[in-house]
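Asks: One letter stands for each residue in the lines below.
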Amino acid sequence: MSHNTISVNAQTPSATGAITQALGDLSDVSTSGVNDGYALVYSSGAWSGAPNPVSNTAIFIAEGASQAYSGSGASGVSSGDIVEFYDGNVINSISGATITSSSSWVSSVTLPVGTYRVRAHVALTFSASDSVKYQIYQDNIARGGAGFVGQDDITMGNYASAFVIVSSGTDVLDVRLTSTATNINAINAQGTRHAEYGYLIIERVA
Amino acid sequence: MSHLTTTVQTQTPSVTGSVSLSLDQLSDVSTSASDGDLLTSSASGWVEATAKPNRAGDYVGIPTAEGYFPTSSAVYSQIYDISGFYSNIRTTTSVPLSVITDTAYCTNQIQVYAQNSKYWYAFSLVAGYKYQLEANLIIPENSSSGAWVRLQWRTSTGTTLGAKGYIYRQSERKNPIFGYVDTTGASGATIVGLTNLGQSGTCGFMQAGTDTPHLQISARIVE
Chain A
1 MSHNTISVNA
11 QTPSATGAIT
21 QALGDLSDVS
31 TSGVNDGYAL
41 VYSSGAWSGA
51 PNPVSNTAIF
61 IAEGASQAYS
71 GSGASGVSSG
81 DIVEFYDGNV
91 INSISGATIT
101 SSSSWVSSVT
111 LPVGTYRVRA
121 HVALTFSASD
131 SVKYQIYQDN
141 IARGGAGFVG
151 QDDITMGNYA
161 SAFVIVSSGT
171 DVLDVRLTST
181 ATNINAINAQ
191 GTRHAEYGYL
201 IIERVA
Chain B
207 MSHLTTTVQT
217 QTPSVTGSVS
227 LSLDQLSDVS
237 TSASDGDLLT
247 SSASGWVEAT
257 AKPNRAGDYV
267 GIPTAEGYFP
277 TSSAVYSQIY
287 DISGFYSNIR
297 TTTSVPLSVI
307 TDTAYCTNQI
317 QVYAQNSKYW
327 YAFSLVAGYK
337 YQLEANLIIP
347 ENSSSGAWVR
357 LQWRTSTGTT
367 LGAKGYIYRQ
377 SERKNPIFGY
387 VDTTGASGAT
397 IVGLTNLGQS
407 GTCGFMQAGT
417 DTPHLQISAR
427 IVE
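Residue numbers (the numbering used here), protein chains in the order written: chain A, 1 to 206; chain B, 207 to 429.
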């Protein structure tokens, strides 16, 4: 005599006949790899755990502290050099995002899948009248509109902005100078203006 | 002879052998959700969570030139600031003072000098959220050329909330000034505004209808 073996979504009864069902046991749900705060998101006929699409999270790097740029790990102030941002208490509420920094100077941000609005403001200094442009980079590719900074304080404020889409895995975001200025101060003579007025703000919008 | 009774999440099959389960009967789901809630992962399993609004507070300027200064002086000075906050942001209590402000999360703090002389100086933010603050401001065009005021978002107790920034006349430059405040550990409302860190030149009091529409300040919940 044979018996049917009862199972529900591949779960078989215990010795007492009880079958346990968790969310991920359902035929159209996958909860593998979820982190706290993830949501159940529907896609192509199935539900899976993913960063909460309606969670309005952000990364905020802008302490406003008086810190000399000479303390940063920046390699230079020429076109192509990465600009670093000071913040001793970086706010990172984007699940899965990581901050690369040393001595509170942030050189890059690694972002998970999502759509982001990014704004960056650079306040490097000059010894005489001059200016440089800068732009937001995603995995070494320039994105969005350029920013501009010159010698006088009144020339600060033309920030760089971009919408960035990370479609798979993670992408590295940084800010780079896109022009070279004769009169830009060397790193050890930059002073504190950039730490006081510079910012890098990333808002997750989808 | 006894038989085992098969159960699924303590539900026994009906006489026809069917078992009906609802979402919160699953072993790792615990919900008492309200309309609009989401199912999110937590350390204790899947639970409901409330979708937070994108924007909590918003102030915009008014396109009118009527009204009075809070003083006989036509020149702004830090001595006129209210509760230590920069107070040269003229408003009215009629539309469009706060077209988006959700008073469940944020209320504008307004100093009223006269019916048509009212100045915004702070947001009062309810506890339990993290807010991104943004100010897009100018000083009046009748200020002296090159005049500026240097501002920074701070709480009423002086905690700094972001980078410093300059504001100038509309014909010169308009810079956003950002702040970020975490009220998740606060026991009551947190008052946040802009602190005057210094100024240069002659800065007029905000009054003219061509200036006030350039003013916009917001608080956005980011977690």
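In case anyone wonders, no lab produced these hints; they're calculated from the structure.
For each residue, glycine too, the CB sits at the ideal point set by N, CA and C.
One should not assume that every hint holds.
Okay, the calculated bits of chain A under chain B, using three or more residues with CB under 8 Å as the criterion [said to hold, decoys possible]:
| hint | region |
| --- | --- |
| 1 | 36-50 |
| 2 | 57-67 |
| 3 | 136-150 |
| 4 | 197-205 |
Asks: Examine the region 136-150 of chain A: at least three residues should have C-beta closer than 8 Å to a C-beta of chain B.
Replies: With 0 residues close enough to chain B, the hint is violated.
Asks: Can you tell me if the region 36-50 of chain A counts as covered by chain B, using C-beta to C-beta distances under 8 Å and a minimum of three residues?
Replies: Since three or more residues must qualify, the claim that chain B covers the region 36-50 of chain A holds, with 6 doing so at under 8 Å.
Asks: Can the region 57-67 of chain A be counted as covered by chain B under the rule of three residues or more with Cβ-Cβ separation shorter than 8 Å?
Replies: Coverage by chain B holds for the region 57-67 of chain A (6 residues, Cβ < 8 Å).
Asks: How does the region 197-205 of chain A fare against chain B when you require at least three residues with a CB closer than 8 Å, holds or violated?
Replies: Since 5 is at least three, the answer is holds.
Consistency note: the structure conflicts with earlier hint 3 alone.
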